[in-house]
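Peer 1: Residue strings, one per chain:
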Amino acid sequence: MIINPKIIYTIAKKEFMDNIRNKWIIVISLFYIVFIILSAYFTGGQAGENEIFGTIEATVGFAIFFTIILIPIISIILGYSTIVGEAETGSLSVVLAYPVKRVEVILGKFFGLGSILFVTPFIGFGISGIIIMASIGAEQALLLIIFIFLVILLGLMYLSFTILISAICKTRSRAIAGGLILFFWIFIYNILLQIAQLIVFDDLNSPNTLPDWIWASKIISPTDINIMAVENAFNMNQLAPDWMGMGFLLIIQFLWIVVPLLLAIFFFKRRDI
Amino acid sequence: MITKTIGCPKCQNHIEIQGNPCETKIITCPKCNVKGKFTFPGGQTKIKTTSGFNSIEIENLTKKYKDLIAVDNISFKVHKGEIFGFLGPNGAGKTTTIKAILGLIKRKSGVIKINGYDITKNEIQSRKEIGYLPERVSFYENLTPLQTLNFFCELKGHDKSLNKSLIKEVGLENAINRKVSTFSKGMVQLLGIAQVMIGKPSVYILDEPMAGLDARWVKIIREKIKLLNQQGATVLFSSHILSEVENICDRVAIINRGKLIAEDTVTNLSIYLKLKPQIKITVENLNGKIPAIIRDLKGIDSIEVKENILIVTCEPNVKTKIITILDKSGFNIVDFITIEPSLEEAFIKMITTDEGGA
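Residue numbers (my numbering), protein chains in the order written: chain A, 39 to 311; chain B, 7 to 364.
Note that these hints are calculated values from the structure, not bench results.
Here a beta-carbon is modelled for each residue, glycine too, at the ideal position from N, C-alpha and C.
Fair warning: there could be bad hints in the mix.
[Said to hold, decoys possible] Derived, one-sided and incomplete: chain A residues facing chain B with beta-carbon distance under 10 Å:
1) 43
2) 47
3) 51
4) 59
5) 63
6) 104
7) 128
8) 131
9) 135
10) 141
11) 209
12) 210
13) 212
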């Protein structure tokens, strides 16, 4: 199977331009600017320190509770109708009647929508980072870049899975339902985990004494893995076992991007349009 | 030189005509003297084909959706350079067949070739030959017509510089900078026609191109289809309304409940369906009786009398004979009108019969 990169580029460009035209990119970037600056502000002067803004570490520690909610929502909104929506309007059948392979369509959509998840944190976090660092100094610029990188990974994991949902679902409304389940998966997973602990230990373990299998189970929750990676990078809450180091966490996140995408290609190839 | 047989719209007489591709001739029916224009297909674009006479070949196509057989073992061929009407009521299997031709759906069985290219073995090559417009498509709302065409042009790897003239060609030049979301249905359909014309493919597949459009737009789209054909392309288009296809198609296939029930020229189809014209003759001194003099004429199907109106269903060539005989026999003919048989009715009748028999 020969893949034509030009087709992938054409489809990716169309997806990207579409989101520039409907102003999504501006909205998301502005949202990021406001909420990072607010995070920095609340961890700075408001927390009793002298500076207006807190350190990047403190800001990230605060911001992460928002990013784990916000980023999946953005990814799901961007991607849920990308296949099923276009199948419903008929434009997908036009595209597929061209000399185009289905794998190229999926990859084009992933790269196009993915580039939005790539560009917006750089604009949003970057601008707010410059404002914050103008006040607190630029020593921690690298930390901010690491955080942006991990935010992008979180977005891509959710995007990849959302494209899978869109490639499988026969109607847009089912894709929305699928997207909702995906969004709530972190909560569902953690509730199930607590129930499992109650059954096994008759009590909830303290975070210090979690058995390995509970830590290992976190690989099925992309958000938890992403939080652990942020904690690892910023030396927060170092409770995870040693074998769950940064390398391991990055590989798991990489798999969370690649495997759903491969499944999306598999199902999309077999789909009647 | 092309030789064609056409049916006279008035007397159904078969007329053999000869002409060059794209030539328009004025033809006079030798029997009833009705004049009409006819444009020969073929011409400008050289058809890029490997071999053979058929643009589309379908053999034993079957498509199942769970328990439902949507298309049941159908075979037909669309000849190079013709306009082929694919007719059937809603849900008959037209769209399924078209989607199978394009490889958009998995088929249970069947071999499909476009210009000789097998759509499974030569997937990409076969699609390079096609321009496809799905039923009731809505393109990307945020794009202008030019951006839309540029996108599709890039997918085909063709020169984008021709897209502006394509937009002019379909008559959308005044809306060139408007977003597609502001377009009317007819305008979207015109953009669809422009889209299929990208790279001048040799085979056009249009699924219900006139559905949901008002009469003005139907006329415009029909003209565009004729134009594509005159430029040398083969056109297959589907419809559930026979009148949409009968004037422009060279041949038609009729599908119902997944089965092909007829495939023929429009003229032959009307013969096959035994369509006969009716004449309504108003005779002053008829007195409610059928004149014995015409009762025994050959080629008469039925005679009805309503006061002083005589309604005769007969072979086309008997019509004038009846008038002459009545006139000569002293009947005072005040008025007469001919009611041409409607393929529409025959089509509905055919489908109903098919359903009744099933």
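Peer 1: How about residue 51 (chain A): closest beta carbon in chain B under 10 Å, or not?
Peer 2: 8 Å, holds
Peer 1: Let's test the interface hint: is any C-beta of chain B closer than 10 Å to that of residue 128 (chain A)?
Peer 2: Nearest chain B Cβ about 4 Å off; hint holds.
Peer 1: Answer holds if the nearest beta-carbon of chain B is closer than 10 Å to that of residue 43 (chain A); otherwise answer violated.
Peer 2: Status violated, d = 12 Å.
Peer 1: Against chain B, with CB atoms and a cut of 10 Å, does the hint on residue 209 (chain A) hold up?
Peer 2: At about 15 Å, which exceeds the 10 Å cut-off, the nearest Cβ of chain B leaves the hint on residue 209 (chain A) violated.
Peer 1: Is the shortest C-beta separation between residue 135 (chain A) and chain B less than 10 Å?
Peer 2: 4 Å, holds
Peer 1: Holds or violated: residue 131 (chain A) as interface residue toward chain B, Cβ cutoff 10 Å?
Peer 2: 5 Å, holds
Peer 1: Would the hint on residue 47 (chain A) be counted as holding, given a Cβ-Cβ threshold of 10 Å to chain B?
Peer 2: 8 Å, holds
Peer 1: Against chain B, run the beta carbon of residue 104 (chain A) and see if the smallest gap drops under 10 Å.
Peer 2: 29 Å, violated
Peer 1: Hint residue 59 (chain A) vs chain B: min CB-CB distance below 10 Å?
Peer 2: 4 Å, holds
Peer 1: Identify whether the interface hint at residue 212 (chain A) stands, where standing means a beta carbon of chain B within less than 10 Å of its own.
Peer 2: 17 Å, violated
Peer 1: For the restraint on residue 210 (chain A), tell me whether the closest CB of chain B is nearer than 10 Å.
Peer 2: 13 Å, violated
Peer 1: Would you check whether residue 141 (chain A) satisfies its interface hint, that is, whether its CB is within less than 10 Å of any CB in chain B?
Peer 2: At 12 Å from the nearest chain B Cβ, residue 141 (chain A) fails the 10 Å test, so the hint is violated.
Going down the numbered hints, you'll see the structure goes against 1, 5, 6, 10, 11, 12 and 13, while the others check out.
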